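S.K.: The lines below spell out each chain.
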Amino acid sequence: MKPPGAAKSETQDLAEPTLPLPDDPKLTANLTHFARALRKAGLPVGPGRVLTAIEAVQAAGFTRREDFYWTLHSVFVSRPEERQVFHQVFRLFWRDPRYMEHMMALLLPAVRGVQEEERAASAAKRAAEALLDGAEASAPPQREEERDEDALIEIDASFTASVEEKLRALDFEQMTADEAAQARRMLARLSLPVKPLKTRRLRADPLGLRPDWRRTLRGAMRTGGEVLTLARRKPATRWPALVVLCDISGSMASYSRMVLHFVHAVANRQGQGWARVHAFTFGTRLTNISRHLRTRDVDAALNAAGHEARDWQGGTRIGACLHDFNRDWSRRVLGQGAVVLLITDGLDRDDPALLAKEMERLQLSARRLIWLNPLLRWDGFAPRAQGVRAMLPHVDTLRAGHSIASLEALAEALSDPRDRGEKARLMAMLNG
Amino acid sequence: MSHRDIASIDAVQALLAGQNYICGRSLATVTFLALKLGRPLFLEGEAGTGKTEIAKAIAAALGRRLIRLQCYEGLDAASAVYEWNFAAQMVAIRAAEASGTGAETLRADLFGPEYLIERPLLQAMRPQDGGPPVLLIDEIDRTDEPFEAFLLEALGDFQVTIPELGTVKAPEPPIVILTSNRTREVHDALKRRCLYHWVDYPNFARETEILQARVPEAAADLSREVVAFVQRLRGEDLFKRPGVAETIDWAKCLLALDVIALSPEVIADTLGAILKYQDDIARLQGSEAKRLLDDAKKALETA
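Chain order of the listed sequences is G and H.
Numbered per my numbering, the first sequence spans residues 1 to 432.
Numbered per my numbering, the second sequence spans residues 433 to 735.
By construction, these hints were calculated from the structure, which means they are not laboratory data.
Quantities reported herein were computed from a predicted structural model and do not represent experimental measurements.
Using N, Cα and C, we set each Cβ at its ideal position, and we do this for glycine too.
A few of these clues could be false.
Claimed, not checked - The calculated BS3-like cross-link candidates involving lysine-lysine, where the alpha carbons are at most 27 Å apart (straight line), are: (1) K729(H) x K357(G); (2) K488(H) x K601(H); (3) K729(H) x K708(H); (4) K357(G) x K684(H); (5) K601(H) x K357(G); (6) K672(H) x K601(H); (7) K708(H) x K672(H); (8) K195(G) x K423(G); (9) K684(H) x K729(H).
Unchecked claim - Between beta-carbon pairs, the in silico distance windows are: (10) L430(G) x A652(H): 30 to 36 Å; (11) D727(H) x L209(G): 58 to 64 Å; (12) L732(H) x G61(G): 36 to 42 Å; (13) R310(G) x E585(H): 42 to 48 Å; (14) A204(G) x E720(H): 52 to 58 Å; (15) D416(G) x T615(H): 25 to 31 Å; (16) A540(H) x A204(G): 22 to 28 Å.
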């Protein structure tokens, strides 16, 4: 086998005498070009697949265009999403390969340029923030007055508690630019510990309860068939997956940014649990941003996510978005018992019956459904809004998500399966 | 007949049609390549689109044994490859004690072939009457990543290593078919070794053909009505859309009830055969089913 990247260099590479190749060098060259086109279009096509393709085309023959299409399809496509890309590239390429190359050449520098610019932009933004430390803080002028008023009261607090501790309890919405930046740094350090799940797979463990007959008998062989010790096994553990559904509509603006910083930290922390973290944003439509969250740089990740989700700070259609999630994604991301974190204020103007139905479906497919509602920070919060009334009966836990302290408390909800948060209190108000 | 000798895609299509399995050109092409190149076939798609059936059809058509490995959470080597018969081993130890056999002979005997329980993967490596078997690894998405990694090795070289006995290598590789309902993504490394195909719902003409092959006793008019209705149903906003298996089940139900033509009442009574979620059934209760049926009938008249 040739090392990866060999086919990338030049087509002649493949025509080395050691490889079992067809006599028709033109076919090999064309297939290699086609594979390159697919690779540029984003399909994971390596040199191994090119060799398989050549083999497959030889086997299937050239009689019909349709057969040729499905032959290459079976080799190069490995996910349903890739079918459309393959179809387009196939159509363009086998009409006029040069035209395709030309198009690619035209498109690629532009694409690459944008990416580099984006990377530079997020780095530059942070550099600017670092340089303009003081200047940036004055950004929202009306906040300055509030700060003066608050300052008198807060002086006492600052004697007893560190700045960080004060920040922990502070509402995200009331933070100044400085404080928000500091809070984001604290969020980046935050983790969301979770308990592992027992699986049905067994592993060797001297303290286990189930006997391991195989190892017992192998041990007995050494003592001439006398069983001296009983080898034991116990269930192995695995980590659950986390699915985050974050409301990014106008009413949630200041919270969703912070919460996404938190989600990014959770998604990128190594060795804390969570097999996988999937994140979706919704406002008027549902967007999957899981891929962007894996970018290490938090600014770049959220920027990319922002580009993808076009409905920042718009209206909310919670019911319709949950419907999309249930139909298109729930079977794929909730399959192995995932914990769902739903972050929204529940202010939805659509049909409450639809919302209640979708919430019920979501709860039925999730291991646990945790609702973070920043509105809970108000002492007088009552489930009066129709959206809140529709959603409340279908969540396992309801908690506030308005400050760092409240996000930290989330770990508590995760570690205790019976935790209900504020749900019982609000349900009593709902029924009373 | 060796499966590598199949001449063309048309031959595969005819072979499967002989087993009442009607498939499109695309699926026939992939199947042909899988047989010809000796590569595993990875079929992904919604439940009830005939992924498992094709393995049965291939096995029957070629006269091979079908070995099925149904995947589930926690599936491990002991239930997928082989296990030792511990109870028999214990008895053998006691017997050896009584007769005073030496430890060395005991060791050689105890971990020998007669105490080995072969599970599907190991069975598939053994030579079978009539040629290499068809190995169906069903619903691979239900297992976990460690098992996938294990499969990678087994499917790569078609061999299994048993520490006590040595390596068992398939003299001729089996025909391997993997299916997935996509409840999670299967790792690319495994997919890369296979030929991939997404099995879609068939169109009207093909589904009618399938239904007539599978339920030949149903009248042609009823089959067309059933298929037209189910096809309309798939266009609706349902949590779980009915597959071809449901269409066949439903047609059988209607036959058992001696139904000649579809009516809203009949649909309401038998909806449980095609829709399996309460939400979906509730949606279709009342005027909705009648609207779909009228749509379907109108389309049939114009066609």
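S.K.: Next step is simple, just say for each hint if it's right about the structure.
M.R.: Results of checking the hints against the structure:
1. For the suggested pair K729(H) and K357(G), the alpha carbons sit about 32 Å apart, so the restraint of at most 27 Å is broken.
2. With a CA separation close to 24 Å, the supplied pair K488(H) and K601(H) stays within the 27 Å bound.
3. A distance of roughly 24 Å separates the Cα atoms of K729(H) and K708(H); the hinted pair therefore holds under the 27 Å criterion.
4. Between the alpha carbons of K357(G) and K684(H) the distance comes to roughly 32 Å, so the proposed pair goes past 27 Å and is violated.
5. Between the alpha carbons of K601(H) and K357(G) the distance comes to roughly 54 Å, so the proposed pair goes past 27 Å and is violated.
6. Proximity of K672(H) to K601(H) is assessed by CA-CA distance (about 42 Å); at most 27 Å being required, the pair is judged violated.
7. Using a Cα cut-off of 27 Å, the hinted pair K708(H) and K672(H) holds, with the two alpha carbons roughly 7 Å apart.
8. At roughly 22 Å between alpha-carbon atoms, K195(G) and K423(G) fall within 27 Å of each other, so this suggested pair holds.
9. For the hint pairing K684(H) with K729(H), the CA-to-CA distance comes to about 20 Å; that is within 27 Å, so the pair holds.
10. Between L430(G) and A652(H) the Cβ separation comes to about 56 Å, which falls outside the hinted range of 30 to 36 Å.
11. Distance hint for D727(H) and L209(G): a CB-CB separation of about 59 Å, consistent with the stated range 58 to 64 Å.
12. Roughly 39 Å separates the CB atoms of L732(H) and G61(G), a value that falls within the hinted 36 to 42 Å.
13. Checked against the hint of 42 to 48 Å, the C-beta distance between R310(G) and E585(H) comes to roughly 45 Å, which is consistent with it.
14. For A204(G) and E720(H), the Cβ-Cβ distance of about 56 Å falls inside the hinted range of 52 to 58 Å, so the restraint holds.
15. Under the hint 25 to 31 Å, the C-beta atoms of D416(G) and T615(H), about 28 Å apart, fit the expected range.
16. At roughly 25 Å, the beta-carbon separation of A540(H) and A204(G) lies within the given 22 to 28 Å, and the hint holds.
Consistency note: the structure conflicts with the earlier hints numbered 1, 4, 5, 6, 10.
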